[in-house]
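Combine the two chains into a complex, taking the hints into account.
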Amino acid sequence: MQIIKNDQVYDAIIVGSGAGGGMATKILSEAGMRVALIEAGPFFDPKDPTTATQMKWPWESPRRGASTTRAFGDFDMSWGDWKVDGEPYTNTEGTDFKWWRARMLGGRTNHWGRISLRFGPKDFKHKDVDGLGENWPISYDDLKPYYDRLDKMVGVFGSKERRYNDPDGFFLPAPKPRLHELYYIKGARKLGVDVIPARLSILTKKLNNDRGVCFYCSQCNRSCNVYADFSSSSVFVIPALNGGQVDLYVNSMVKNVTTDENGRATGVSFINKEDRKEYKLKARSVVLGASACSTARILLNSKSSQHPNGLGNSSDMVGRYLHDSTGASRSGLIPALMDRQLDYNEDGVGGMHVYSPWWLDNKKLDFPRGYHIEVWGGLGTPAYGFGFDTTHLNDLVGGVSGGYGDKLRTDVRKFFGAMIGFGGRGEAIARYDNRCELDPTVVDQFGIPVLRFTYKWSDYERLQAKHMHDTFEELIDAMGGIALGSKPGKDQEYGLHKPGEIIHEVGTTRMGDDPRTSVTNKYCQLHDADNVFVVDAGPFVSQADKNCTWTIMALAMRTSEYIVEQYKKRNI
Amino acid sequence: MKRRDTLKTIIAGTIGGVALGTSAAGCEPAANPTTEETQATGLYGRTPDELARDKKIMAEEYLNAHELATITVLCDIILPASATAGSASDAKVPEFIDFIVKDIPSHKLPIRGGLMWLDGETIRRFDKAFTEASSTERMAIVEDIAYPDKNNQRPELAPGIAFFNYMRNLTLTGYYTTQMGIEDLGYTGNFANTWDGVPEEVLAKHDVDYDPEWLAKCVDQSKRLDIAEWDDDGNLLT
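Just so you know, the sequences run in chain order S and F.
Take the first sequence: its position 137, counted from the start at 1, is 136 in numbering that gives the first Met the number 0, and no numbers get skipped.
Take the second sequence: its position 78, counted from the start at 1, is 77 in numbering that gives the first Met the number 0, and no numbers get skipped.
Just chain F, same shape as in the assembly (with noise of 0.2 Å):
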């Protein structure tokens, strides 16, 4: 469609600029976004109004200097370095805890109390602060809270397990959202490709395999490109 159309398709006095921008857009082949149009949608395809909520939401303060210190040290003592991808902390996830709690509001209580119950552990235990704690003694209440209390034996440390549970949770979804993690974690996809079906080699680790049944029924690629056409019995002819 021609910009001059899509201005003729809608009636003037009736129609937003929105609407005009994203059609004109929409109708040319593959046109890059200007530089001012990638920032408008905050670069993930967002309406005005969620940009507008982002933008609202990275301003507000939540957490403090002090609790992003301590999630900092926490996020590192769940995922250190390994011998092959970055920390945590490598993978910005305090960033993206600080974010979180302030779009998932349900998330603040949690994390702000969790914290001030750590530091007040470590005060009875040590006379400091966790992040002024040494590793040794930092070490000895995580290995504390770190497992789930099954038997309930312990039951005054069960808000610390509950808590390092949600640290938990948050570190390993902050992780794995970021490149370092995903490719960490091994997983290929989210490219374009042709599917045509489970290698061999891994079929052979499976006690599964395609019947020659099924398979008839599937797509043969070299001939995805060539245009259906069907008989009148709606057997595919190509």
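Extracted from the complex, chain S is given alone in its bound form (with noise of 0.2 Å):
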């Protein structure tokens, strides 16, 4: 096979334009440094007319928005989901883990659900409360410079709260609730259950002028054409090629860090998706944001007579304490919103007005981490799936089901936006036996090795989900609603979904003071090789019950700036 090779030294090769890569660009090229910027995907631009979603409607789609070819649907914005045709990945017995890939400029940022909240003080430390898991080498304190900044640097609307372990920030107002929040709000106070203006990263007020304002179509997943919701294709990368710093490989899937005699890294090869041709790339550092597992492949793929168990593997804890965001959920139906008056626009911004932060202690429960709760409801634009078994619903109101003809226009209008759902997310201990490693047969389309998942809940998580559907009946009683389906038993793990189905995967470069047990310090730089960086979530300890891209962000900011003051000392 030919090996393309290209003689430019750059000073930062950058795997992965996501929230991570994305930052990383941004910082490295505005301190002047030369980089490369490669993504597995093509590119991708939220306002490029020929592969916008945003605003279509449902008829536009033949198959009405259905989710045939995307996961989550016709009109969400992301290019890859649980399968990537040719990139496969395999589970071990006995573990049925899911892990999403978006192939494309932005990756995942360019979907997600915009929730971003700050990782709070326990949060690095919750050892020394329970004495589960790892602290972090870092504090609360220490990162919080830096969620500064990107909240003002981002934009993210939410509210002062002054709650201890959801610190507050540099926030956009909220969102008015909708009338099903109301709702929620309501039960909820009477239950005992906090709630407050959720926190996600939509400009309801303008940032800077480089960006537009929020117009409310409640479509973020389909990634905003003005820009108004954060993707790192928009806010960062694109920004940062008009800087001239930054040369960008799109289609081409890094396969290992190449490194010297010395154990240093010297550049990367990849494969050209289009020619499916081998290159190599030099450069005097690698910043790998390619996604937890995607980096912990890399490193595994890495292998050399310095690095004999793969880059950065020394410790054999490379792939170790993958962890994803536990989550349960479940729907009701609110029978004081039937025949609701439709006649105004509550799309509101993409996803939840409000949301419930973990509320209670744990050491008064069976279970040792907590959870948050988001909210669902109100009138969506109908899309494949509407109307399925509506006329049913009659059957907890006392109607009758079935039937055909006006009847059916009368049902579905009356039970439109009558309806409530949550899910449950929580954190999950992060356990040395959930791990990824390389298949050791099984190869993608470009003779890579590919991950195997080996992945078990505990009680801990069990225990969480049964609690957070006790929880989901209580609330839905509380706002006066019936629940839909039965509770989910010990049979079915109470609910808790898949390992890899709330797509937080977190922790397998976990950071640390010991080079025996962790596989970066506390500056997401490796023990093995002091010019290689993470700047995605594999340098997480633990998860929190947070989303975990603010923090992927505040960390891949303060990495990076480490990084321009090792170049600038000529370290690397």
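Please keep in mind that the hints were generated in silico from the structure rather than gathered at the bench.
For clarity, every value in this text was computed on a predicted model and none was experimentally measured.
Do not take every clue at face value.
Claimed, not checked - Chain S stretches covered by chain F per the calculated footprint, using a threshold of three residues with CB under 8 Å from any CB of chain F:
1) 212 to 219
2) 404 to 414
Stated by the list, open to error - Computed from the model, here is a short list of chain F residues facing chain S with C-beta under 7 Å:
3) Tyr43
4) Thr46
5) Gly185
6) Gly196
7) Glu199
8) Ala227
Ideal Cβ positions, reconstructed from N, Cα and C, are used throughout, including at glycine.
Here it is as structure tokens:
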């Protein structure tokens, strides 16, 4: 096979253009470093009309938005999901881990929920509280200045609540609750469940002159064509390309990091998906932001005589401590919302306007870590699935189920917007045995060994899911509603979603002060090679009951500025 | 970004035409796509692989003319024209079903088998296919299968009841995802707007309200275009 070499030596090669890689691209290029950004998928700009789906109507899709080719439906802006053609992964017996990959500029940030929660002081030192897992080598105070700057740089709406473990930031104002959310606030307060305005990186107010302001179409998962939500493509990478310091390589699948006789990185090898040839690029430093599991895979595939167990893996920690958020969900019918007035636009922002941060003390519960509750409901644009079994909701309220003709038109209108749903998102305990590693025999279509997952939940997570379901029923009841379906029992792990389904996988290159038990130091720099850095969720020691993106970006900013400092000192 | 810069930022030889095309389009302000580009994306933002799949499915034939004729009659029994809105076939629901059974192949067997069950039942009762039966004859069968048989009193009808439910689901989805259906439903969203809370007249019909403490945290839409500035303590100044 032909290998194409390029003699240029970059100051940094950044692998992956999502939340972490995008941030690194911005910081490094603005500091004057010469950067190669390598993305496995094609170019994407949310405002490109040829690929845009925002404001499309369901009838513009022949399948009316069904999830046949995109797991979250035709209009969702993720190219790739739990399956990517030609790029498999495997599970050991008894494991069913689901691995989401978005192959496009900006990665998963083009469709993510924009839920932007800082980790709190407890989240970095939770072992001190319950003896489980491991503490981070950094504290909230170390990261706070970066969260503060991130809020102002990228924009997040929310409210000052003075909650110890849900720190406030520099918030844009929150959108007013919608009707179903007013019902939720009332029900939650009745139960003693805390409820506050959501915190999402959507611009409810002008942040700067480069980006537009939210026009309330509720479709952030389709990626905003006026850049009013945060996507790494629109907010980081495309502006950085204009700065002239960045060469972007798209459709380029990084295979491994190359190293010299001293074990330091010299660059990367990648496969160009267009011509299926292997290329080599050189750089003084390599910054991995390929996503927690892809970065682990690249490191494990970077074997050399200096790094026989894979790059950064002298500790055998690469791929271990993999953990996703826990999740459970339930929905209900709120009779008071039946036959509601429909003649006003209640779309709102993309996602929830209100949520419940963790409100209880685990010392009084039979599981160690918390969860937050995400709330959905309201008047959404009909799409594939609309009307399925709607008429059977009559069984719950004493009406006639089934039928045909004008009765159906009445049924559909009666139940439209009368549903409420909850998603619990909680913290799992990171475990040594939960891991990804290289499958010994399976390769992808580029000949690169693929990942094999081993992942088991424990009662820490199962009992938390049980608590979620108990709470959901109480909440639905407090709202005067009727829960749909039945509560999942022990045989169904209390409704706990499969690992990977919440798409918050972290921990595969965890940070620590001890090179024997961690992959990177507290600057996300490999213990084993000082010019290799990780800017995705790999270095997370624990997940917290928060979504991971805001912390990925705050950490990536801190790591990137550390890289710039090392560059200026000529250490790299 | 100028097209010239786009070319410069991407190393020749490593990048396919796709990237060059989209990056150039992406940086021009709201450039209208050419007819060719619009057709190439199938009008709803498809990737090349998705577009090829759509074309293949549309070229495939699954349901035959008799099956589609039966589906049309059934759809219009499920949703006939009302005083103010068109029927299922006016909204092209049969065409949607013709597509979706190919797009989601798990629909194929329940639909094909269900149609045969329906014809079998009509032959048994009236010695003719469903489409050839009179309106009275058709409705006699529909009345028997349009409602759940909760106590399983007529188990011989169970396949028909399951099929009718299947058809009702696909008909409702196919109808309410068209412009006609959405207008009939009364959904009034999916346009750019400035959300400023539930209207007073709607709140008045429900036993909920905005509390002033919460409202104080919410956006003042008259200042949405003023660039955000904060004091050192995170209090919004603008």
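Within 8 Å of chain F (C-beta), three or more residues of the segment 404 to 414 of chain S | This one holds; 6 residues, not fewer than the three required, reach chain F with a Cβ under 8 Å.
Was the hint right that Thr46 of chain F lines chain S, CB cutoff 7 Å?
-> 6 Å, holds
If you take the shortest Cβ to Cβ gap from Gly185 of chain F to chain S, is it below 7 Å?
-> 4 Å, holds
Would the stated hint for Glu199 of chain F survive a check requiring a Cβ distance to chain S of less than 7 Å?
-> 11 Å, violated
Would you check whether Tyr43 of chain F satisfies its interface hint, that is, whether its CB is within less than 7 Å of any CB in chain S?
-> Hint holds; Tyr43 of chain F Cβ to chain S Cβ min 4 Å, cut 7 Å.
Given Gly196 of chain F was flagged as interface, is its beta-carbon under 7 Å from a beta-carbon of chain S?
-> 4 Å, holds
Minimum Cβ distance from Ala227 of chain F to chain S below 7 Å?
-> Ala227 of chain F check passes; min Cβ-Cβ to chain S is 5 Å, inside 7 Å.
Counting residues of the segment 212 to 219 of chain S that have a beta-carbon nearer than 8 Å to any beta-carbon of chain F, does the count reach 3?
-> holds (count 5)
Violated hints amount to a single one, hint 7; each of the other numbered hints is respected by the structure.
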